[in-house]
Structures are given as structure tokens and as C-alpha cells.
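Protein sequences appear in the order of chains Z and F. Numbering-wise, the first sequence is residues 1 to 109 according to the working numbering. Numbering-wise, the second sequence is residues 1 to 91 according to the working numbering.
Keep in mind the hints are simulated off the structure, nothing from the lab. On a predicted model such as this, the values are computed, not experimentally measured, just so you know. Don't take every hint at face value.
Think about it this way: if two alpha-carbon atoms lie no more than 27 Å apart in a straight line, the pair counts; the simulated DSS-like pairs of lysine-lysine are [as the list claims (entries may be wrong)]:
(1) Lys84/F with Lys88/Z
(2) Lys88/Z with Lys42/Z
(3) Lys58/F with Lys88/Z
(4) Lys88/Z with Lys80/F
(5) Lys80/F with Lys42/Z
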Amino acid sequence: MEVVLNIIILLFLLSGMFFFFVGVVGLLRMPNVFTRMHATTKCDTMGAGLVFAGLIMWQGFTFISANILLILIFVWITNPTAAHAIAKAAYQRLEAGLQLEEGDKDDLY
Amino acid sequence: MIETAVLIACIILVLLTFAGLYRAIVGPSVEDRIVAINMIATKVTAIIVMIALLTNQKFFVDVALVYALLGFITTIGLAKLLMKGKLGKWK
Numbered sequence: 001m002e003v004v005l006n007i008i009i010l011l012f013l014l015s016g017m018f019f020f021f022v023g024v025v026g027l028l029r030m031p032n033v034f035t036r037m038h039a040t041t042k043c044d045t046m047g048a049g050l051v052f053a054g055l056i057m058w059q060g061f062t063f064i065s066a067n068i069l070l071i072l073i074f075v076w077i078t079n080p081t082a083a084h085a086i087a088k089a090a091y092q093r094l095e096a097g098l099q100l101e102e103g104d105k106d107d108l109y
Numbered sequence: 001m002i003e004t005a006v007l008i009a010c011i012i013l014v015l016l017t018f019a020g021l022y023r024a025i026v027g028p029s030v031e032d033r034i035v036a037i038n039m040i041a042t043k044v045t046a047i048i049v050m051i052a053l054l055t056n057q058k059f060f061v062d063v064a065l066v067y068a069l070l071g072f073i074t075t076i077g078l079a080k081l082l083m084k085g086k087l088g089k090w091k
């Protein structure tokens with residue numbers, strides 16, 4: 001039973017690391033602001049959820065795991081809100097023509 | 001066994017954070033930097049929780065909660081500053 005729980009925790013941690021890695025790759029390789037946001041916010045939410053779920057399962061049913069669950073819920077609420085705010089600001093600046101035209105592409109693309 | 005796995009995950013997260021810091025430094029527009037800083041805040045929250053569990057310092061989890069709050073407030077404030085040009089009331 002212990003071994004099965006350990007394997008499940010390892011799988012959760014590994015999947016969380018995968019999502020974080022995909023988010024960073026998207027942040028570094030995507031061509032403009034909106035696609036970068038698409039990569040990072042979604043993968044960050046998923047990665048944080050999986051990693052925190054693994055840590056909660058590792059800790060068991062304690063006060064600390066309740067605290068971690070609180071952080072997880074907070075991240076799940078605030079991350080899409082922040083992404084919405086950034087996207088709105090970026091879109092307004094794009095509509096106003098304030099963004100650089102060749103700023104959409106850079107040397108990594 | 002799990003301690004080693006969490007330690008390795010912590011190290012990987014630190015490396016990924018430094019990789020994302022590239023976009024925050026080089027990023028061609030302001031929004032790229034804000035997106036990168038938002039991502040770094042999420043990752044550092046996870047790192048703080050892992051360190052709290054690894055070192056058995058239980059109150060570090062509250063530090064992680066405060067850090068997540070600070071990252072959210074920073075992102076919202078910077079986005080509002082970009083939209084309005086100032087940090088006043090919403091009109």
C-alpha cells in the first residue's frame with residue numbers, strides 16, 4: 001500500500017514537472033505575447049495543481065496539507081485572473097498601436 | 001525515497017525558473033516581462049512549499065501563501081498601470 005502511494009506521488013510530481021517544463025519552453029519559444037501567455041498560464045496552473053496534489057498526498061491528512069490546499073485554491077483562482085488582466089492590457093496596447101511591430105518576433109523564434 | 005524525489009523536483013524547478021528569467025530580462029515587450037514574472041511567482045510558490053516540507057519548517061507554508069498573494073497583486077498592478085497609465089481609481 002505504501003509502495004502504491006509512493007508511486008502515485010512520484011507520478012504526480014513527474015507530471016507536474018512536465019507541465020512546468022512545457023510552460024517554460026512555450027515561454028521561451030512562442031512568437032508573441034498571447035501565445036506565450038497561452039503556454040505559461042495554462043501549464044502553470046496544471047503543474048502547480050499536480051505538484052501540490054502530490055505534496056498533499058505525501059503529507060497525509062494534516063494541518064499542513066490543509067494549508068497547501070488553501071494555496072492551491074488561491075493559485076487556481078488568481079492565475080486565470082492575472083492572465084485575463086495581462087491579456088486585456090496587451091490587447092488594448094495592441095489596438096492603440098503602442099506595441100512594437102517587430103517586437104512580436106525575436107531572435108529565438 | 002519521496003524526500004529525494006521532492007528534492008530533485010525542487011532543483012528542476014529552480015533551473016526552470018532561471019530559464020524563464022531569460023524572457024523577463026530579454027523580452028521584447030513589457031507584457032512578456034509581466035508574463036514571465038507571473039510564471040516565476042507561481043514556480044517560487046511551489047519551491048517554497050517544497051522547502052517547507054523538506055526542512056520540516058511548517059510556517060514556511062504561510063510564507064508561500066503570502067508570496068502567491070504578492071505575485072498576484074504585482075501582476076494586477078502592472079497590468080492596470082499598462083492599461084491606464086496610472087494607478088488610480090477605475091473610471
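Hints, one by one, checked against the model:
As the CA atoms of Lys84/F and Lys88/Z are separated by approximately 11 Å, the hinted pair is consistent with the 27 Å bound. A threshold of 27 Å between alpha carbons decides the hint, and for Lys88/Z with Lys42/Z the separation of about 17 Å falls inside it, so the pair holds. For the hint linking Lys58/F to Lys88/Z, the alpha-carbon distance of about 38 Å lies beyond 27 Å, and the restraint is violated. This hinted pair checks out: Lys88/Z and Lys80/F have alpha carbons roughly 9 Å apart, not beyond 27 Å.
For a cut-off of 27 Å, the pair hint linking Lys80/F to Lys42/Z stands: about 22 Å separates their Cα positions.
In summary, the structure is inconsistent with hint 3 from the numbered list given earlier, while agreeing with all the others.
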